[in-house]
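Chemist: The whole structure should be built from the sequences, with the hints applied where relevant.
There are 4 protein chains.
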Amino acid sequence: MLIVMDSHASAAQADAVCKEVTAMGLTAHPMPGAQRTAIGITGNKRAVDASRIEQMPGVARVIHVTAPYKLVSREFHEEDTLVNINGVKIGGNNFAIMAGPCAIESAEQIDEIAGILKKQGAHILRGGAFKPRTSPYSFQGLGEDGLKLLQAAGKKHGMPVVTEAIDKETLDLVVRYTDIVQIGARNMQNFSLLRHAGRCGKPILLKRGMSATLEELLMAAEYIVNEGNADVILCERGVRTFADHTRNTLDLSAIPFVQRNCHLPIIADPSHGTGRRDKVIPLSCASVAAGADGLMIEVHTHPDSALSDGPQSLFPGQFEDLVKQVTAIANVVGRKLN
Amino acid sequence: MLIVMDSHASAAQADAVCKEVTAMGLTAHPMPGAQRTAIGITGNKRAVDASRIEQMPGVARVIHVTAPYKLVSREFHEEDTLVNINGVKIGGNNFAIMAGPCAIESAEQIDEIAGILKKQGAHILRGGAFKPRTSPYSFQGLGEDGLKLLQAAGKKHGMPVVTEAIDKETLDLVVRYTDIVQIGARNMQNFSLLRHAGRCGKPILLKRGMSATLEELLMAAEYIVNEGNADVILCERGVRTFADHTRNTLDLSAIPFVQRNCHLPIIADPSHGTGRRDKVIPLSCASVAAGADGLMIEVHTHPDSALSDGPQSLFPGQFEDLVKQVTAIANVVGRKLN
Amino acid sequence: MLIVMDSHASAAQADAVCKEVTAMGLTAHPMPGAQRTAIGITGNKRAVDASRIEQMPGVARVIHVTAPYKLVSREFHEEDTLVNINGVKIGGNNFAIMAGPCAIESAEQIDEIAGILKKQGAHILRGGAFKPRTSPYSFQGLGEDGLKLLQAAGKKHGMPVVTEAIDKETLDLVVRYTDIVQIGARNMQNFSLLRHAGRCGKPILLKRGMSATLEELLMAAEYIVNEGNADVILCERGVRTFADHTRNTLDLSAIPFVQRNCHLPIIADPSHGTGRRDKVIPLSCASVAAGADGLMIEVHTHPDSALSDGPQSLFPGQFEDLVKQVTAIANVVGRKLN
Amino acid sequence: MLIVMDSHASAAQADAVCKEVTAMGLTAHPMPGAQRTAIGITGNKRAVDASRIEQMPGVARVIHVTAPYKLVSREFHEEDTLVNINGVKIGGNNFAIMAGPCAIESAEQIDEIAGILKKQGAHILRGGAFKPRTSPYSFQGLGEDGLKLLQAAGKKHGMPVVTEAIDKETLDLVVRYTDIVQIGARNMQNFSLLRHAGRCGKPILLKRGMSATLEELLMAAEYIVNEGNADVILCERGVRTFADHTRNTLDLSAIPFVQRNCHLPIIADPSHGTGRRDKVIPLSCASVAAGADGLMIEVHTHPDSALSDGPQSLFPGQFEDLVKQVTAIANVVGRKLN
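Protein chains in written order, with our numbering: chain W, 31 to 368; chain E, 31 to 368; chain S, 31 to 368; chain Y, 31 to 368.
Note that these hints are calculated values from the structure, not bench results. None of the hints are false.
A pair counts as met if it fits within one copy or between any two copies, since identical chains are not told apart.
DSS-like cross-link-like pairs, simulated, lysine-lysine; straight-line CA separation at most 30 Å:
(1) 232 to 100
(2) 366 to 354
(3) 232 to 149
(4) 178 to 149
(5) 149 to 354
(6) 119 to 354
(7) 232 to 198
(8) 178 to 198
(9) 366 to 119
Modeler: See below:
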C-alpha cells in the first residue's frame with residue numbers, strides 16, 4: 031500500500047498518517063519528495079481497510095498494491111480447483127460443455143433437446159426456470175414445474191443439470207432439484223444471494239456482471255467461498271460497451287487473467303456474450319483457444335418459436351459442428367473433454 | 031414495429047411473417063424494396079413480445095418503434111407524478127434534498143448529523159443500515175439496530191428517512207422503520223426485489239444501475255408500478271465508463287430524457303456519481319440546472335473516520351454552501367424547495 | 031513513482047532496479063514487505079520515462095504518483111490562463127458563448143444567422159468549412175470559400191470567428207481567415223496536427239476525443255503549449271458510452287477536474303455532447319452551473335434543411351432562451367459574461 | 031429506411047415528408063398506426079443522406095435499415111478480397127503473421143530481430159518509425175532513418191515490411207520505403223489521411239479506432255477504397271472499456287461481423303489489444319480460432335531496454351511458441367499459413 035500526500039500537506043499531517051499506520055500494526059516508510067511526500071506501507075498480511083487513512087487530512091490518495099481477494103487467489107491456493115459434478119469435471123485440464131435452451135418450456139421440449147444434446151456431446155444440461163427479464167410483460171419461466179422437468183430430463187439422459195436462482199426462495203428450490211446453481215450477471219453483486227449460495231451445499235456457476243471488473247468478479251466469488259463453499263465456477267458472458275454489432279462484448283482476456291490470479295475454473299458463454307447465432311461458433315472456438323475450462327451454449331430445437339432469447343440459440347445441427355470444432359481446438363491447447 | 035427481412039429471404043418467408051402478425055391481432059404492411067422487403071406493423075396498443083417473430087426464417091431484425099414501458103410513460107400518464115413523503119414533496123416543481131452519512135454508525139453520529147443537516151436545509155435524512163459492499167471483509171452496516179437509530183433521529187429532527195433494502199428480509203424491516211425504501215444500483219435488475227417493492231406500500235427510490243440504459247431503468251420502474259405502487263422516485267447516480275478521473279460518470283442528460291418520456295420524478299446523486307468530495311458541489315449545481323427534482327448527498331461530521339465512502343462525503347460546512355448555491359439555481363430554473 | 035516488484039522477484043533483481051534508478055539521477059527507497067518488495071522513487075523534477083524500468087526483470091508494475099503533464103498543470107502555473115480573442119475573454123471568471131451553424135452553407139445563411147446571434151448575445155461565431163464526416167458521401171464543407179464567408183460575417187457583425195482545421199493544409203488556411211483554430215475530437219491525438227497548432231500563432235480550441243481520458247486531453251494540450259502556444263481552450267463535448275438515449279454522454283465532472291489540475295480554460299459543447307435539440311438547453315445550464323468558462327452551441331435558422339447535424343441545432347428562438355437562462359445561472363456561480 | 035413520426039405530428043406533416051421522399055426519387059409507404067404514423071421508404075439503390083428528412087417538422091426519428099458502406103460491403107462484392115504483398119497473401123483462406131518491434135531503434139536491433147523472426151515463421155516485418163505518443167516527451171521514432179533501416183532489414187531477410195504513417199508528409203515517405211502503409215487507431219477517422227492513403231498506390235493496414243463502431247471502421251475503409259485503392263486490410267486492436275485488467279478489450283466478435291458484411295481481410299493485434307505480454311499468446315490463439323486472416327505481434331529481442339511498449343512485447347522464445355500454437359489452430363479452422 032502506498033499513501034500519497036497532497037503537495038500542500040504539512041509535515042504534521044504526514045506524521046499523523048504514519049502514527050495511524052503504526053496503530054494499525056503496520057510499518058510506515060515515509061519518502062519525502064521534491065513535490066510531495068509518499069508513505070509506503072508494509073507488514074499487511076491480509077486485506078487492509080484503507081478508508082480510515084484515505085480520509086485523513088492531507089492524504090491525496092491511497093494506492094493498493096496487493097489484490098483485495100484472498101481465498102480465491104492463486105497466492106493463497108496455488109493448485110487449480112477442480113469442480114466435480116457427478117463425475118463431470120471442470121477445471122485443471124478438464125473441459126465441459128453445458129448446453130440447452132434458454133428457458134424450459136415443456137416436458138417434450140426439454141426431453142427432446144436433452145436427448146439430442148447428449149448424443150452430440152454435451153456434458154451438462156442447462157435450461158432456465160426462473161428468468162430475469164427486462165420487461166415484466168415477458169415470459170418469466172415455469173418456476174418449480176420447470177425445475178422438475180429439468181431434473182427429469184437430466185436423469186433420463188444422464189446429464190447433471192444447471193439453472194439460475196434469482197433470490198433466496200428460488201435458490202432453495204434450485205438446490206433441491208439441480209446439480210449446479212447459477213447466479214446470473216444481474217445478481218453478481220446481490221451480496222445477500224451470494225451469501226446464501228455460499229451455504230447451499232451445491233456448486234455455483236457465477237456469471238460476470240455486465241460492467242463488472244475482474245476484481246469485482248473475484249470479490250463476488252470471495253463472498254461465496256468465505257461462507258464455506260469452495261466449488262465456484264466463474265463465467266465470462268460479455269460486458270457492456272459502446273459497440274453495437276453484438277449484444278455484449280465478450281472479453282476473452284478475462285480467461286488468462288483469472289487463470290493467473292485465481293484458482294477457480296472459468297468458462298465462457300458466447301451465446302449471451304454475442305447475442306447472435308452466427309457469432310456463437312467462432313467465439314466458442316476463440317474461447318477454447320484462449321484457455322476456457324468450458325462453454326455454456328444455448329441450443330433450441332425450434333428457435334423460431336422459443337419463448338426467450340431465440341436469436342442467439344443454435345440449431346442442433348450447428349451445435350454438432352460446434353462440438354467438433356471445439357474438440358479439435360481443445361486438443362491443440364491441451365484440454366481434455368469429459 | 032418494423033420487421034426487416036434478410037436480403038435473401040423468399041416471398042414465402044415474408045408471407046409467413048405477415049400471417050403470424052395477423053394471427054397476433056396486428057396489421058402487416060409489406061414493403062418490397064430493391065434489396066429486401068420490410069414489413070411495417072401497426073395496431074399494437076401495448077407492448078408486443080416480438081421474440082417469436084425475430085426467430086422466423088428470413089427475418090433479419092425487428093425494430094421497435096414505440097417504447098416498451100407503458101405505466102411509467104408520459105404517453106400513458108401526461109401529468110407529473112408528485113411523491114409526497116409526510117409533507118415533503120418531490121416532483122412537479124417541488125425540489126427536495128436528501129442528505130446524511132453513507133452508513134449509520136452510532137446513535138450519537140446519526141443524531142448529531144441529523145440535527146446539523148435539518149438546520150442547514152436538508153429535507154430528508156439518509157443513512158445506510160444494510161450496505162452492499164464489494165468486499166465481504168468491509169463493514170456491512172448495523173442492520174435493524176441502524177434502522178432504529180435512523181428512525182429515532184428522523185423523528186427527533188422532523189425529517190422523513192430513507193435507507194436501502196437489499197433483499198426481501200431487509201425490505202420488510204426497512205418498510206417498518208422508514209419512509210422511503212431505496213433500491214440500490216446493484217439491485218436495479220433484481221426483479222424479485224422490485225416486485226416486493228411494488229407491494230410494500232412505501233415510496234421507492236430506484237437508482238439507475240451502473241451500466242443500465244434508461245429504457246432498462248424505466249422498465250425496472252415498470253415492475254414496481256405494475257405491482258400497484260405508483261410512488262417511485264428515480265435516481266441518476268453515475269454510470270461506468272472508461273473515464274478514470276471520477277468513480278462514475280454522472281449522466282445528466284438522463285434528467286431531461288426521463289422528464290420527457292416518463293411522469294416519475296428524478297433526482298441526482300453527485301456523491302456516488304463522482305466519488306470525490308471536491309466534485310460534489312459543482313455537479314450538484316449542474317444537476318439542479320439540468321432540471322433534477324432533488325438531490326441525494328452524503329455528509330459526514332467526521333469523514334476522516336467514516337466506516338464507508340468517506341472520500342466522497344461532504345463536511346457540514348460544505349453542505350451549507352451546497353444548499354445555498356443549489357437554492358439560488360433552483361430559483362433560476364423554476365423549482366420550489368420544500 | 032513507486033515500483034512494485036513481483037512476489038517471486040529476487041533480491042538481485044531489486045538491487046538492479048535501484049541501480050538503474052540511481053543511474054537516472056533519482057533516489058530509490060527500497061521497502062521489503064511480507065509478500066513483495068516495493069521501491070519508492072523521489073527526486074524527479076519533471077516527467078520520467080519509466081518504460082525502461084517497467085521492463086526490467088522482476089518488476090511487476092510501475093505506479094505514477096505525479097501527473098505526466100507539466101506546462102499545462104496548476105502546479106507549474108497557479109493562475110488561471112485567460113485567453114483574449116480580440117477583446118472577448120475566456121477564462122478566469124470570464125464566460126463566453128460561441129454559436130453558429132454546424133456548417134457554413136452560403137453567404138446568406140452565415141450572414142443571417144450571425145446577425146441574429148450577435149443580437150441575442152453570442153460572443154463568438156462558429157461555423158464549419160472543413161467537416162470531418164463519417165461517410166465519404168456526406169457534405170464535406172465549402173472549404174476556403176466557407177472561410178471567406180465566415181470571416182466576412184464575423185467582421186460585419188463584430189464577432190471573432192472559430193472553425194475547425196483537419197490537417198496541415200487546412201490549418202494554414204484557417205489561421206489566415208479566422209481568430210480561433212478548432213482541433214476536433216477525432217484529431218485530439220493527431221500529434222502532427224497538434225504540433226502545427228502549437229506553432230500557428232492563433233488561439234486553439236481543443237476538443238476532448240470521444241474516448242479520451244482527461245490525462246490524455248491534458249497531454250494533447252501539452253503538445254500545443256510545448257511548441258510555444260499557451261492560448262489553448264479545452265472543450266468537453268461528450269464521450270462514448272453504452273448509453274443510447276443521447277449521441278454522446280456529456281461528462282461534466284471534467285470541468286472541475288480540469289480547473290483543479292490545469293490552468294487552461296474549459297468550455298462545454300452540449301450540442302455534440304447530447305446530439306439532440308431538446309437536451310441542449312438543460313445541459314447548457316448544467317455546464318455553466320458546473321463551472322464551465324464558456325459554451326459552444328449549434329444554431330441554425332432553418333435546421334430542417336441544414337446540410338449537417340440538423341437534429342442537434344437550436345432554432346434562434348431557443349438560443350435566445352438559452353442565453354437568458356445561462357446568464358442567470360452564470361450570475362449565481364460568479365461568472366462574468368463578456 | 032423507416033421514418034417514425036412524432037405521436038403529436040399532424041397529417042399535413044406526414045404528407046410533407048412523403049412529398050419530400052418522392053422528390054428524392056424514392057417511394058413512400060405511409061402506415062398510420064394507433065399512436066403514430068410510420069413511413070417506410072423503398073427504392074434507394076445507394077446510401078441516402080437522411081439529414082434533410084430528420085429535420086422536418088413532426089419527424090421523431092429516421093431508422094436506417096441498410097448499411098451506409100457500399101464499396102467495401104459483401105452485397106457489392108461477394109468474393110473475399112485477397113491482398114498480395116510481394117507474394118505474401120492475406121485474405122481468402124490465406125493467413126499471415128506480421129511481427130517485429132514496436133519501434134525501430136537501430137540497424138543492429140532491427141536486423142537481429144528480423145533474422146530471428148523470419149526463421150521462426152513470421153511473414154511480414156513490422157517496426158515503427160513515426161510513433162504517435164501520448165506524451166510529447168516520449169521517444170517519437172527515428173523517422174526516415176528508421177524507414178531505411180526497416181527496408182534494409184526486410185530486403186536482407188526476405189520479408190515485406192509495414193509501418194505507420196501519421197500525416198501526409200510521413201505517408202509519402204512510408205510509401206517510398208515500405209510495402210504496406212499502416213493507419214493507426216488514433217487516425218482511423220483522420221479523413222484527410224484516409225484520402226491520401228486511397229491514392230498512394232500501396233496496400234493499407236487500417237486499425238480500428240479505440241472507440242470506433244464497426245460501421246465507422248467500414249466507413250473509414252470506404253474512404254480509402256472510394257479513392258481507388260482496393261487493397262485494404264482491417265485490424266482489430268482492442269477498444270476502450272471500463273475494464274482495467276488489460277490496456278484495451280480485444281473485441282473478437284469484430285472478426286465474424288466483418289467477414290459476413292465486408293469482403294476485406296481482417297487481422298488481429300493482441301499485443302495492443304491486451305497491452306500485456308502474458309495475454310498475447312492466448313489471445314492470438316483465440317483470434318485465429320475466431321477466423322482472423324492474420325496477426326500482428328510485437329516482439330523484441332531485449333524488451334527490457336525497448337524504447338516503447340516493452341511490457342507487451344514477446345521475447346523471441348515466446349514468439350516461437352506462438353507460431354506453433356497458432357499454426358495448429360489455423361489448420362483446425364481451415365486457414366493456410368503463407
